[in-house]
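Colleague: Following the hints, put chain B in place on chain A, whose structure we already have.
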Amino acid sequence: MSEVEGATEGSMIGWRARLAESDLLYSFLHSPTAIISAVVTLVALSAAVFAPLIAPHNPFDLASIDLMDSLLPPAWLEGGSDAFLLGTDDQGRDVLSTILYGARISLLVGFLSVIFATVIGVVIGLIAGYAGGVTDAILMRIADVQLSFPAILIALLVDGVLRGLLSRDNYDQIAVYVLVLAIGLSFWVQYARTVRSLVMIERTKEYVQAGQVIGLSTGTILFRHIMPNVLGPVLVIATIQLALAIITEATLSFLGVGVPPTSPSLGTLIRVGNDYLFSGEWWITIFPGAALVILVLAINLLGDWLRDALNPKLR
Amino acid sequence: MTILLDIDGLQVEFASRHGDVVAAKNVTLQLSAGEILGVVGESGAGKSTIGNAAMGLLERPGRVAGGTVTLEGRRIDNLADEEMRKLRGTRISMIFQDPLTSLDPLRTIAEQLVTTIRTHLPLSETEARNRARRLLEQVGIPDPAARLDHYPHQFSGGMRQRVVIALALCAEPNVIIADEPTTALDVSIQAQILDLLRSLVKDSGAGMLIITHDMGVIAEIADRVAVMYRGEVVEVGRTQKILGNPDHAYTRSLISAVPRSDVKLDRFPLVEHIEAAGARGQLDLKTHWLGQTRNYERVEGPLLSVRDLQLIFRTGSLFGGGQHEVRAVDGVSFDINNGETFGLVGESGSGKSTVARLITGIYRPNAGQIQFAGADLTKLATRAELNRYRRQMQMIFQDPYSSVNPRMKVRDIVAEPIRFHRLSNSRDETRRIVDDLLDHVGLGKRAASKYPHEFSGGQRQRISIARALATRPRFLICDEPTSALDVSIQAQVLNLLKDLQAELGLTMLFISHDLPVIRQMCDRVAVMRHGKILEIAESETLFERPQHDYTRHLLHLMPKMTTASAEGSRVSL
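Chains as they are written, first to last, in the numbering used here: chain A, 1 to 315; chain B, 1001 to 1573.
Because the hints were derived from the structure by calculation, they are not lab data.
Small disclaimer: the values here were computed from a predicted structure and weren't measured.
Watch out, some of these pointers could steer you wrong.
[What the hints assert, rightly or not] Computed beta-carbon distance windows for the label pairs:
1. Leu29/A to Ala1502/B: 39 to 45 Å
2. His30/A to Asn1366/B: 53 to 59 Å
3. Val134/A to Ser1156/B: 33 to 39 Å
4. Leu24/A to His1530/B: 18 to 24 Å
5. Phe111/A to Ala1502/B: 28 to 34 Å
6. His1288/B to His30/A: 22 to 28 Å
7. Ser1156/B to Leu29/A: 33 to 39 Å
8. Arg1060/B to Trp282/A: 40 to 46 Å
9. Gly1009/B to Leu29/A: 55 to 61 Å
10. Ala1502/B to Ile142/A: 53 to 59 Å
11. Leu24/A to Gly1009/B: 35 to 41 Å
12. Val134/A to Gly1339/B: 54 to 60 Å
[As the list claims (entries may be wrong)] Derived coverage of chain B by chain A (criterion: at least 3 residues anywhere in the stretch with Cβ under 8 Å from a Cβ of chain A; other residues may be distant):
13. 1150–1156
14. 1231–1239
[Stated by the list, open to error] Here are the simulated EDC-like pairs of lysine to aspartate or glutamate, each with C-alpha atoms no more than 20 Å apart in a straight line:
15. Lys1241/B to Asp1008/B
16. Lys1025/B to Asp1077/B
17. Lys1086/B to Glu1072/B
18. Lys205/A to Asp1077/B
19. Lys205/A to Glu1035/B
20. Lys1379/B to Glu1429/B
21. Lys1241/B to Asp1284/B
22. Lys1450/B to Asp23/A
23. Lys205/A to Asp1412/B
24. Lys1409/B to Glu206/A
Glycine residues also receive a C-beta, built at the ideal position from the N, C-alpha and C atoms.
Looking at chain A on its own, in the form it has when it is part of the complex:
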């Protein structure tokens, strides 16, 4: 037993030493953009995760909302209240708190849909690239067809069908998952194509043949041997698509086919505030908008850095 523990410890040390040695960490520490965007992303992530702990108000607790507080400006403007740092919306909810809770929904949808798209895309890409021939042709034609639909169209389609099938209350409960399904379905193609082309290179390598000579099953070769060797670029795509998924979610919610206003995401908040933009209550829409821009920009910059750092040709 002690020997096994020793081994784990050894590999931990090895892991840390490798990280310290790695070009990735070196590149990270020498890129101010990467550090800043990583910090911003981390702050946004923890703010969203710990929203119930740090938000000054709970915007979904109807008991704590007072309509008398509605449409208050930010605290530093005339008529503002110290209790509502970024002001309040039309229902008297604290804008800062709704942003924190909204970012939670936005990030949740973003992560889940990217994970969903990654799983589908990687599996299809692996199969298409390894099997080749007819299987590959069929899968890639499906991907081509998929690519000719814009994400919003797919989302509207899924949304419309499910809305027709479910009652209003039921629908609101699963609205988040409908978004995940819709965005995931429109995002998997890029993974599938990338993974397929990488697999076509990897499958000719001799370690794959060595696995065949040992007698390993196709599944073992695909998932144990080939998959780890193609995941680098997948990570890069996933980071960049996370930002894209958040934007798509915001777009759908802004158009009114996303999450309902009772549990708003950043996109819903922007839409709600949009109605008041020209009547003077600009803070309701500007602050969630700024939050969205900063979040997406940080994730995008992080993804760009990762792409360059993992690409030896650009180094």
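Modeller: Okay, now just chain B, sitting in the frame of chain A:
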């Protein structure tokens, strides 16, 4: 004789995150007019660095950290880029390794030659074109006037390298640096190009620095040779002296590692100097897990018997049209007896590797039988049955950089076959077996917790061998196992294979394009061409009395180290 190029105490360093790497250490060389100076060494010895530094073509982060380079009495290592550019091509020029990438595919030969000529010489368009035609004639391209307007892809590899040489000669440089000029070419083309280079130097009185890893090329062409080892020139002298009676221990081991084509030796002597291979762990094979390879049921007659094997590759798209058939393997039959090493030799594209992949089941044949240990592998239907026989045969691959999974630790790479075939009873036992195997191939137990990228090509090939042994095979297929390795490493790996075969009583199928290697390794040999076997004979018989014309042709082209030292001192080992 006038000294054209004088390199004195040259020091080249590459800055990196982990401190400066010294690529050339205090290198001193002189090149005289009308002389061919060979620079020989293995990969990483710094031989190309010397050529690039002399040309002022060092890529960042490399830099000349000390010493001087003097060209025809003028110091050139401290020249500004623009002045150096004017010298390049006129006084000093270079021939590169790969004729495929050193020509611009979008411009005709004439355009490329004329541009180069007019950059350096004050000639009119017509005069330059005439000169280009004469140059092509000089480098032995037939019908030069017509060929001038062809594009690079319309030339064969050998002809393309002639064009590259013509480009280097455009402005009659006095110093030509040729960096591995024949490495990308077939043996027969190599001989022609070397002849051409020699006659050019003789006619023009220029000096040539030829950089190569191949002792055969040196023996063929160089007047003097400098041997490089880890950035240093360890020995300089006349070629015959160096090849016949080297002073430095490294040179001796390098020469002894070159497989001899004239006689079969038991082992390669003197190769321990080169890469610290680590002592091989000795195992008591009577009791050890690995020793149980000897316990397979005995086979009467040949262990492997291949009959009328055929594989047809069909190309063409899914949606019909333009289907082509390629008979990669066409009616191949041979037997391999228990305990022997059977060689399969042929040029690239002859189908020899495909035969190996048919035997191991990576490809399925269109027709024919593969009898192994009494069973016809082509008739086995279930996975379980197939795996029973697969376990008994393993394969070692050509490319040590792609044959091990870079994302797995060495321990897991070697343990995978043991786990898959359930050859051990516990995790601890697997662990011990892997350690022993790594020891046994000369890597040492500590290799287990590392990743493949921490090892050199030769060491990776040892990992590959350990993995192959991990199923306790009795039949080992080696597909060009050393063609990607330096000669000294090749000698070590071949020695290891010979030792393992003797200890474990392995039967081997050894595939190679390299005839001297085949002679050193094999008992019987089959010669393949265009998917067919032309001749099967005992190895010694084949080399002494080849029957087929093609075999004679191959043997004729085989590089012979001894020709250079024929006068007087033979290579003594």
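Colleague: If a hint holds in the structure, say so; if it doesn't, say that too.
Modeller: Against the structure, the hints:
One distance hint, 39 to 45 Å for the beta-carbon pair Leu29/A and Ala1502/B, is violated here, with the actual separation near 53 Å. Evaluation of the 53 to 59 Å hint for His30/A and Asn1366/B yields a pass: the beta carbon distance comes to about 57 Å. Take Val134/A and Ser1156/B: their Cβ atoms lie about 37 Å apart, and the range 33 to 39 Å holds. Distance hint for Leu24/A and His1530/B: a CB-CB separation of about 48 Å, inconsistent with the stated range 18 to 24 Å.
Look at Phe111/A against Ala1502/B: about 59 Å separates their beta carbons, and that is not inside 28 to 34 Å. A hinted range of 22 to 28 Å for the beta carbons of His1288/B and His30/A is inconsistent with their spacing of about 51 Å. Taken as a hint, the range 33 to 39 Å is violated for the pair Ser1156/B and Leu29/A, whose Cβ atoms sit roughly 51 Å apart. Distance hint check for Arg1060/B and Trp282/A: the Cβ-Cβ separation is about 52 Å, which falls outside the suggested range of 40 to 46 Å.
Our hint of 55 to 61 Å for Gly1009/B and Leu29/A is violated, since their Cβ atoms are close to 38 Å apart. Distance hint check: the CB atoms of Ala1502/B and Ile142/A are about 56 Å apart, consistent with the given range 53 to 59 Å. Between Leu24/A and Gly1009/B the beta carbon distance is about 39 Å. The supplied range of 35 to 41 Å therefore holds. The beta-carbon spacing between Val134/A and Gly1339/B, approximately 45 Å, falls outside the hinted interval of 54 to 60 Å.
With a threshold of 8 Å between beta carbons, the proposed coverage of the segment 1150–1156 of chain B by chain A is violated, since 0 of its residues qualify and at least three are required. Check on the segment 1231–1239 of chain B: 0 of its residues sit with their Cβ under 8 Å from a Cβ of chain A, so the three-residue criterion for coverage is violated. Only pairs whose Cα atoms come within 20 Å are accepted, and Lys1241/B paired with Asp1008/B is rejected, the gap being roughly 23 Å. Distance hint between Lys1025/B and Asp1077/B is fulfilled; the C-alpha atoms sit about 16 Å from each other, no more than 20 Å.
For the suggested pair Lys1086/B and Glu1072/B, the alpha carbons sit about 15 Å apart, so the restraint of at most 20 Å is met. The straight-line distance between the Cα atoms of Lys205/A and Asp1077/B is roughly 43 Å, outside the 20 Å bound, and the hint therefore fails. Our distance criterion of 20 Å between C-alpha atoms is broken by Lys205/A and Glu1035/B, whose separation comes to about 44 Å. Of the supplied pair hints, the one linking Lys1379/B and Glu1429/B is violated, its CA atoms being roughly 35 Å apart against a limit of 20 Å.
Taken as a hint, the Lys1241/B and Asp1284/B pair is broken in the structure, with Cα atoms around 45 Å apart against an allowance of 20 Å. Between Lys1450/B and Asp23/A, the direct Cα distance comes to roughly 18 Å. Compliance with the 20 Å bound is thereby established for this hinted pair. Restraint check: the Cα-Cα separation between Lys205/A and Asp1412/B comes to about 18 Å, which is no more than 20 Å; the hinted pair holds. Restraint check: the Cα-Cα separation between Lys1409/B and Glu206/A comes to about 17 Å, which is no more than 20 Å; the hinted pair holds.
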